[in-house]
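Asks: Protein sequences, first through last, are from chains U and L. Take 1 as the starting number for the first sequence in this note's numbering and just add one per residue. Take 1 as the starting number for the second sequence in this note's numbering and just add one per residue.
Treat the hints as calculated values from the structure; they're not laboratory data. Mixed in with the good hints, there may be bad ones.
To be verified - Short, incomplete list of chain L residues facing chain U, as computed with Cβ under 10 Å: (1) Arg151; (2) Leu166; (3) Tyr176; (4) Gly180; (5) Asn181; (6) Gly184; (7) Leu198.
Note that the structure is a prediction, hence the values are computed from the model and not measured. Every residue, glycine too, gets a C-beta built ideally from N, C-alpha and C.
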Amino acid sequence: MSKNDFLSVVPLFILTSSAILILFSISVKRNHIFIYVITSLSLAGDFVYLLKYISGTRWVIEPLFIFDGFGEFNTGLILLTSLVVTMMSYAYFEQREERKEEYYILLILATLGAAALVISKHFVSLFLGLEILSVSLYSMIAYLRKRERSNEAGIKYLIMAAFSSAFLLFGMALVYATSGTMEFSGIAAFLASTNDVPVMMLAGFGLMIVGVGFKLSVVPFHMWAADVYEGAPAPVTAFIATVSKGGIVALLVRFFSQIHGYNYPSMVMAFTIIAIASMFIGNFLALRQNNVKRILAYSSTAHMGYLLVAFLAGDALGVEAVSFYLVAYFVTSLGAFGILSTLSDKDRDAEKLEDYKGLLWRRPWTAALLSAMLLSLAGIPLTAGFVGKFYIIAAGVGSQHWLLVVMLAVNSVIGLYYYIRIIAIMFEQYEGEDKPIGMLNPSVYIVSGVTMAILAVLLVWFGVYPEGMMTLIKGLVNLN
Amino acid sequence: MVGGLLAWMSEKWNPMLPRWISLIATLLNFGLVLFIWLNYNASVNLSDSNWLLTLDLPWIPRFGISFHLAMDGLSLLMLLLTFFLGILAILTSWKEIQYRIGFFHFNLLWVLAGITGVFLTMDLFLFYFFWEVMLIPMYFLIGVWGHENRRYAAYKFFIFTQASGLLMLLSILGLYFIHGNATGVFTFNYFQLLNTELSPEVARWLMLGFLAAFIVKLPVVPFHTWLPDAHTEAPTAGSLILAGLLLKTGAYGLLRFVIPLFPGAAVEIAPWAMLFGVIGILYGAMLAFAQTDIKRLVAYTSVSHMGFVIFGVFSFKEIALQGVVMQMITHGISTGALFILAGSLYERIHTRDILKMGGFWSKVPFMGTLAMVFAMASLGLPGLGNFIAEFLILIGAWQANQVLTVLATIGLVAATAYSLRIVQKVFLGQDGKGYSLTDLSFREKLIMVPLVMVIVWLGLFPQSVLDTAKRSISGIVPHLTTLSDASEEQKTKGGAHE
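Could you build the full structure based on these sequences and the hints that come with them?
Replies: Written out as structure tokens, the structure reads:
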């Protein structure tokens, strides 16, 4: 292993070693604050290292990993997101669970899995990353053992994810059987050398789409999303919505552009159908919900559909759009779930629409933040979501995907309805006693409050002045 | 001058304003615009271009988006109207709005800022941005402070306008990429996009996208259904701004964007647009006559009056376009005034049902007189502003299409019917309901008297307004006339071949 190899994988090492460190420290003494600080520090340190290390140069560790601007960008994004999730986890678990320390090990491992995913260039590393991510998620979802629905969600996710992994694995096997290689570039070379794609390979890709589609919860593989979102603890839901999905989107972009998937009408067709179906079904299902977590689950299905529009655009602008949209979506989702978890009480999460009634007059700042997040999800100007959506539409129009773009516009309007509905409920008059809040150390609330405030500032900043982020993305994200 | 523009923009950063601050802010803006207007002729003579002020800062260079504001005669007039009505909106809600005052004014000023932006911007992305910015606070204005059925009305308003706005965004982007691919310069700059070469097919589609946004906003008859609901449920200030200003953004968009950007396609669609205009005039008038809710009634008169606007715009005659500008202003004032009157009646008797009113003249003579004036204005009595506007539109349109013009003129008769009905049902007739009414307070007089003065002044001396708008209008007309001449030539040539 050369020095450069080592320097490249340091981010992964930091994560692994901090997981081990936490493991040891738990065996010595359980201390929530201590573990929390270690986790945050290691994530933050990892990010700082990445910032220093970022040079945009490519470095390949054969045959598994590739370190390039795109990978670094996504790793950075994942690390920051996990950091935010950690921030909101402390207050959340402090109130609820007596054994809260192991959660952080799982969180770090899941982050590790996602980070490995975005830099993989080989089926083995892909699968490894995916499984590390999923296995940690199984237990994270079911972490609040005493809640019935949490367990249910855990089991559901376990079965579904295992199932989808099996699909993915079988698909990989078929691809390997025809092409004789598991490297992305090898597959690309094989595809370039043949005129028509063998049926077995197509079947393999199809199965892989199933596997990936499950993780992204795009239609028709979206059934688990609502139940899992609802059952999982709010910070974990935030994690699923952002890191787990984002990692897979990044992987998909890398894989697809490497094998030049855009040249194969059958694959483009499959993704087009998935995108349109996700937008419509996701939005329509969200319309019918009365549970904020479920609304967000279905809305995330729709958002994955939007993302696929940019993904299908395929050119450099498309990749930029995907990256920017991921950033915007991460910020927004984290904010929404973060607020949800600060509103939650000991017994259950604040997920019913009634919990939000008149929130604006009870807790104006929280409500204003949540409104901003929802407006961003709906893609209203002055927020990051608007610029993200604009980016996607620009990518779609630029590559002449008129059908997809028009569908996106139609769906934005449908989506608007249920986001606005939540906001309208927050603006209603509230009759009833205000529950006292604050049984914990006030510093806890300050931390989560500051985190939320930073997210909101970022949201508006990206919405009003997106140029900085665009330049960063443009500079880093260059796949070819 | 640039500082003045920035001041308007910074207006929105004043958070949570109480009444006085917002009043002063709008007054300042109004004063500023008035000052510019008074100096208008001097400054126009000094410079060759008809752009009075411009401000151009790069915003998102990645996409060629800049923060580009510019003002010409047309936008100047619209701004005058904006701030004038803005002041009145604040004054009318002085007593009506009793809770969440800060938030109310915050929204009100944001709407005004958005509208100001729409009237000033010369960058299509920025235009869309402001277009959306003015929606959200309007949604809140209706949804939080509206009447009984406010939630439904607010949804409907928001979803209608948002959907059509997104279609416009698609068109803007289509234009952007076509221009970029053709010239290599990717930009949203209005002036550069003006010269984009488009094939007729593409131009038609792109124009329809823009048109969707504007005719929903205007609104043109089949897309008008959001309007009566939104107007009826909104608080008085909200109705005032909706009728007086938001509808005008649609008309402004037609004048500023649709026609100059897509002259060919606009000529193609003109007969249809004029037809829909006439349908709007008659249909709006008929429905207005049938309403019993006074605010709904006034809302349908807006539909009718806006029919004149689209009718005039698509006749492509300079004189009709002059009339359109006039109509935008006078309609803003007369309809706004009627909404304010309806609002103050509602404050007194807590109903909007005109069947429950009657015989109020003897109790509130001042209010009755005012209502009479504005009803007359609305039916187009000579001497008041609306007459000039409608007259100019009809003269212009006569040259373009005579049958439709005759039909549109019938709309004026219908206007007489519904306007007189307001006065008759509310102020004349039997008073058997026993409401005790007080006449207008000083504050209300302060609102209404300037409105009367302006509408009379517009009716008697319209020339100053026409002069201001003249250069922008005559800037629009040339590429149209050449184009329509060309197409007519082609037609005759085609005929000769046969």
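Asks: Any of the earlier hints contradicted here, and which numbers?
Replies: Per hint list: 6, 7 violated.
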